[in-house]
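Chemist: Here is what each chain is made of, one letter per residue.
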Amino acid sequence: MPPIINRKKCIACGYCAEICPVDCLKLDKKAKKLIVRYPDECWHCGACKTDCPQGAITMRYPLSHMMLAFPPDKEM
Amino acid sequence: MIKVKNEIVQCDFLVVGGGMGGLEAAIAAAGAGANVVIAEKHNTLRSGCGANGNDHFVCYIPERHGDDIELAVREVGNTLDGGPWVDVDMTRVLLRHTKEVVERWESYGINMRPTGKYVFEGHSLPGQQLYHLKFDGKKQKSCLTKAAKDAGAHIMNHLLINEILVKDGRVAGAIGVDVSEEEPEMVLFQCKAAILCAGLAMRLYPQQNPTYMFNIPGCPADVGSGHAMALRAGAKLVNIDIPNVHAGPKYFMRGGKGTWIGISSTIDGKPVTPYVVGKPSRATGDVTADVWPSVYFDKMMDGSGPVFMNCTDLDNEDVEYMRWAFESEGISSIFDYFDQRGIDIRKDMIEFGAYNSDLNNTGVEINERAESSLRGLYAAGNQVGNVRGNLAGAAVFGMIAGRSAAEYVKTVEHQEVSDLPVIAEKEKLFSAIWDREEGAHWKEPASTLQQIMNDYIPAMTPRTENLFRVGIKYLNDLKKLCHEEMVAENSHEFMRCLEVLDQIDIGEAVAVTGRHRKESRGRHQRLDYKFTDLTLNNKFMRVHKDADGTFHMEYRPRRMK
Ligand SMILES: Cc1cc2nc3c(=O)[nH]c(=O)nc-3n(C[C@H](O)[C@H](O)[C@H](O)COP(=O)(O)OP(=O)(O)OC[C@H]3O[C@@H](n4cnc5c(N)ncnc54)[C@H](O)[C@@H]3O)c2cc1C
Numbered sequence: 002m003p004p005i006i007n008r009k010k011c012i013a014c015g016y017c018a019e020i021c022p023v024d025c026l027k028l029d030k031k032a033k034k035l036i037v038r039y040p041d042e043c044w045h046c047g048a049c050k051t052d053c054p055q056g057a058i059t060m061r062y063p064l065s066h067m068m069l070a071f072p073p074d075k076e077m
Numbered sequence: 029m030i031k032v033k034n035e036i037v038q039c040d041f042l043v044v045g046g047g048m049g050g051l052e053a054a055i056a057a058a059g060a061g062a063n064v065v066i067a068e069k070h071n072t073l074r075s076g077c078g079a080n081g082n083d084h085f086v087c088y089i090p091e092r093h094g095d096d097i098e099l100a101v102r103e104v105g106n107t108l109d110g111g112p113w114v115d116v117d118m119t120r121v122l123l124r125h126t127k128e129v130v131e132r133w134e135s136y137g138i139n140m141r142p143t144g145k146y147v148f149e150g151h152s153l154p155g156q157q158l159y160h161l162k163f164d165g166k167k168q169k170s171c172l173t174k175a176a177k178d179a180g181a182h183i184m185n186h187l188l189i190n191e192i193l194v195k196d197g198r199v200a201g202a203i204g205v206d207v208s209e210e211e212p213e214m215v216l217f218q219c220k221a222a223i224l225c226a227g228l229a230m231r232l233y234p235q236q237n238p239t240y241m242f243n244i245p246g247c248p249a250d251v252g253s254g255h256a257m258a259l260r261a262g263a264k265l266v267n268i269d270i271p272n273v274h275a276g277p278k279y280f281m282r283g284g285k286g287t288w289i290g291i292s293s294t295i296d297g298k299p300v301t302p303y304v305v306g307k308p309s310r311a312t313g314d315v316t317a318d319v320w321p322s323v324y325f326d327k328m329m330d331g332s333g334p335v336f337m338n339c340t341d342l343d344n345e346d347v348e349y350m351r352w353a354f355e356s357e358g359i360s361s362i363f364d365y366f367d368q369r370g371i372d373i374r375k376d377m378i379e380f381g382a383y384n385s386d387l388n389n390t391g392v393e394i395n396e397r398a399e400s401s402l403r404g405l406y407a408a409g410n411q412v413g414n415v416r417g418n419l420a421g422a423a424v425f426g427m428i429a430g431r432s433a434a435e436y437v438k439t440v441e442h443q444e445v446s447d448l449p450v451i452a453e454k455e456k457l458f459s460a461i462w463d464r465e466e467g468a469h470w471k472e473p474a475s476t477l478q479q480i481m482n483d484y485i486p487a488m489t490p491r492t493e494n495l496f497r498v499g500i501k502y503l504n505d506l507k508k509l510c511h512e513e514m515v516a517e518n519s520h521e522f523m524r525c526l527e528v529l530d531q532i533d534i535g536e537a538v539a540v541t542g543r544h545r546k547e548s549r550g551r552h553q554r555l556d557y558k559f560t561d562l563t564l565n566n567k568f569m570r571v572h573k574d575a576d577g578t579f580h581m582e583y584r585p586r587r588m589k
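Protein sequence lines, in the order shown, are assigned to chains A and B.
In terms of my numbering, the first sequence opens at residue 2 and continues consecutively.
In terms of my numbering, the second sequence opens at residue 29 and continues consecutively.
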């Protein structure tokens, strides 16, 4: 579930969790690990991705959020 | 037991919500010498509807629009920043102050002219002047946060406000909860004045995919807590019976229509309204989604839907422009999605949907000084009832509130708050939720609330007396059960529990006022009162709740001049 943390790049600084507008990310201070604790509360705003100093975050868009695409029917 | 912070936080002016309105209020009040605290549920750097950016700022710049402000007041009245539910004099106050905000924001480093000059685009009917300044708001929140700190405001992040304390008919303080650690902590505030800037009432109604409650256009942190606090404090709200409908991509509900440049089209790619003149362009676009957002629902109901956003006629340059505009608006995830899944909007149209009500600009009634009916209580932004203007409305009336409050706090003394009975009541409620071992997770009542709202106090389908009556009863039953059964494992869940309780209060007020309006008007459609009562034209319905919980409604004339 979104966002996706690249563990090789993440330094567990916790900045994304600090600024998330809906508090869906948490820094597990003991394990020094960033967790997507409430994935279904993600707003897909991308603040974490934009602000991550390591560029460690990408977004995955769940299928519950599918875009509905349809070509115009030129026959009609 | 809920942890309670030992010392009471004291300030002149408490800002509830560090979004666009709240930060502006703090900058103005602190700049005028008041001692200001901002309490923000998340972090002002990226919170609320402006978290990732906004891209248009409705404004009147005489050098560009001419000296006739009255023309601007009339024409802005025909855009999404006007409409029938605003007092016209408030639109004038708004437009009088927009230029100064634009210039000041520029001095903070917000990019108000990404192309080097002021550019106005979109959102207007054909033949009108353009008033929506195209800007790049990606950095707006960090710039305003810095400006608020520079002005001397103190920011408390991860601290939500849950109650405004009133003593002798005026604001005396507030009850907050610090949610920065795993365990929540109750915090008391003593202040002379406060402003409510907590934004929309999202999550009150189910949206397009109700299973995912956070798949919604506005910031899911804005749940109407400001409306609920105002109501409980005894302040007057207006027009909360009138549902607000909004539109945007159907199952991926990011932002709404915003800067989509395309034509609202039926399956054959043809426009659904006469608002499109020639090929849509970034300057004129198609305002259908702005001014008739329920078209996507209405056309489904009359059999001529679905309706799509049709960008297939755009040239590459305009498509790339949209990508850039979405980024400045804070909805870059839309193009990220297209890229990841290979969608080409020059080939495919994107189906739009009408979004269920979120109480946008129905709420606290303010005057030209941004004062509510309760002494010492101010409001600005999306939670205000008689003003629109979205971002600009939040900024201008936030600023005005900050200035008014800075004067007011010089004229009154602090009041002792610790003896107010509501504090003990809240402490008991908070402790019950926190101490309970087993019980209802917040999502249980949150989903039932949405269901009740949709079935009995609907925004998209017709209403009746019986629906309202049972809906009010069910909401009160739900509230009681929440008090008896809700549990929270940590401060995050605790915050969500308090949100549900606020939402139930607001839902009840929507129902009570909707029941009182015995006519059909706008999206308030009643099967038992199908006519539009002409004596209610240009009347606003006020509501307030007295200390024993009784609702009082009255109509007052809309200010037309
Ligand atoms: C993606 C998107 C794009 C938009 N683009 C535009 C645009 O281009 N132009 C335009 O005019 N408008 C736009 N809007 C609308 C605009 O963002 C809002 O009108 C504006 O942000 C309203 O300001 P506000 O202060 O009322 O609310 P917000 O900016 O949402 O701030 C509310 C704040 O209150 C906090 N809060 C909530 N409850 C509590 C509580 N109990 N205690 C403490 N804090 C609390 C929230 O965390 C939040 O920070 C857009 C909205 C979205 C979602």
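In case anyone wonders, no lab produced these hints; they're calculated from the structure.
Among these hints, one or two may not hold up.
Negatives, chain B to chain A, calculated, CB over 10 Å [unchecked claim]:
#1 Arg74
#2 Ala79
#3 Val147
#4 Pro277
#5 Asp326
#6 Asp346
#7 Asp364
#8 Asp376
#9 Glu435
#10 Gln443
#11 Glu472
#12 Val498
#13 Asp505
Calculated cross-link-like contacts (lysine-lysine; reagent style DSSO-like; alpha-carbon spacing at most 30 Å) [as the list claims (entries may be wrong)]:
#14 A/Lys27 / B/Lys589
#15 B/Lys195 / B/Lys33
#16 B/Lys471 / A/Lys10
#17 B/Lys195 / B/Lys174
#18 B/Lys145 / A/Lys30
#19 B/Lys438 / B/Lys471
#20 B/Lys438 / A/Lys34
#21 B/Lys167 / A/Lys9
#22 B/Lys174 / A/Lys75
#23 B/Lys177 / A/Lys30
#24 B/Lys456 / A/Lys27
#25 B/Lys558 / B/Lys508
#26 A/Lys9 / A/Lys31
#27 B/Lys167 / A/Lys30
#28 B/Lys298 / A/Lys30
#29 B/Lys195 / B/Lys145
#30 A/Lys34 / B/Lys501
#31 B/Lys298 / B/Lys327
Note that beta-carbon positions come from the ideal geometry of N, C-alpha and C, so glycine has one too.
Chemist: Each hint: holds or not?
Modeler: Hint-by-hint comparison with the structure:
1. Arg74: violated, 4 Å
2. Ala79: B/Ala79 is in fact no farther than 10 Å from some Cβ atom of chain A, at 4 Å.
3. Val147: Holds, since 24 Å exceeds 10 Å.
4. Pro277: Answer for B/Pro277: violated, closest chain A Cβ roughly 6 Å.
5. Asp326: Given a closest Cβ separation of 18 Å, the condition holds.
6. Asp346: holds, 17 Å
7. Asp364: violated, 6 Å
8. Asp376: violated, 4 Å
9. Glu435: holds, 33 Å
10. Gln443: holds, 33 Å
11. Glu472: holds, 15 Å
12. Val498: At roughly 30 Å from the nearest Cβ of chain A, B/Val498 sits farther out than 10 Å, so the non-interface label holds.
13. Asp505: Correct as stated: the minimum Cβ-Cβ distance to chain A is 26 Å, above 10 Å.
14. A/Lys27 / B/Lys589: violated, 51 Å
15. B/Lys195 / B/Lys33: holds, 21 Å
16. B/Lys471 / A/Lys10: violated, 34 Å
17. B/Lys195 / B/Lys174: With a Cα-Cα distance of about 34 Å, the restraint between B/Lys195 and B/Lys174 is violated, given a limit of 30 Å.
18. B/Lys145 / A/Lys30: violated, 47 Å
19. B/Lys438 / B/Lys471: violated, 44 Å
20. B/Lys438 / A/Lys34: violated, 48 Å
21. B/Lys167 / A/Lys9: Given that 30 Å is the threshold and the Cα spacing comes to 28 Å, the pair holds.
22. B/Lys174 / A/Lys75: violated, 53 Å
23. B/Lys177 / A/Lys30: It holds: about 28 Å lies between the C-alpha atoms, which stays within 30 Å.
24. B/Lys456 / A/Lys27: holds, 28 Å
25. B/Lys558 / B/Lys508: Not satisfied, since the Cα-Cα distance of roughly 34 Å exceeds 30 Å.
26. A/Lys9 / A/Lys31: holds, 19 Å
27. B/Lys167 / A/Lys30: holds, 29 Å
28. B/Lys298 / A/Lys30: violated, 56 Å
29. B/Lys195 / B/Lys145: violated, 50 Å
30. A/Lys34 / B/Lys501: Roughly 46 Å between the alpha carbons, so the hint for A/Lys34 and B/Lys501 is violated.
31. B/Lys298 / B/Lys327: holds, 14 Å
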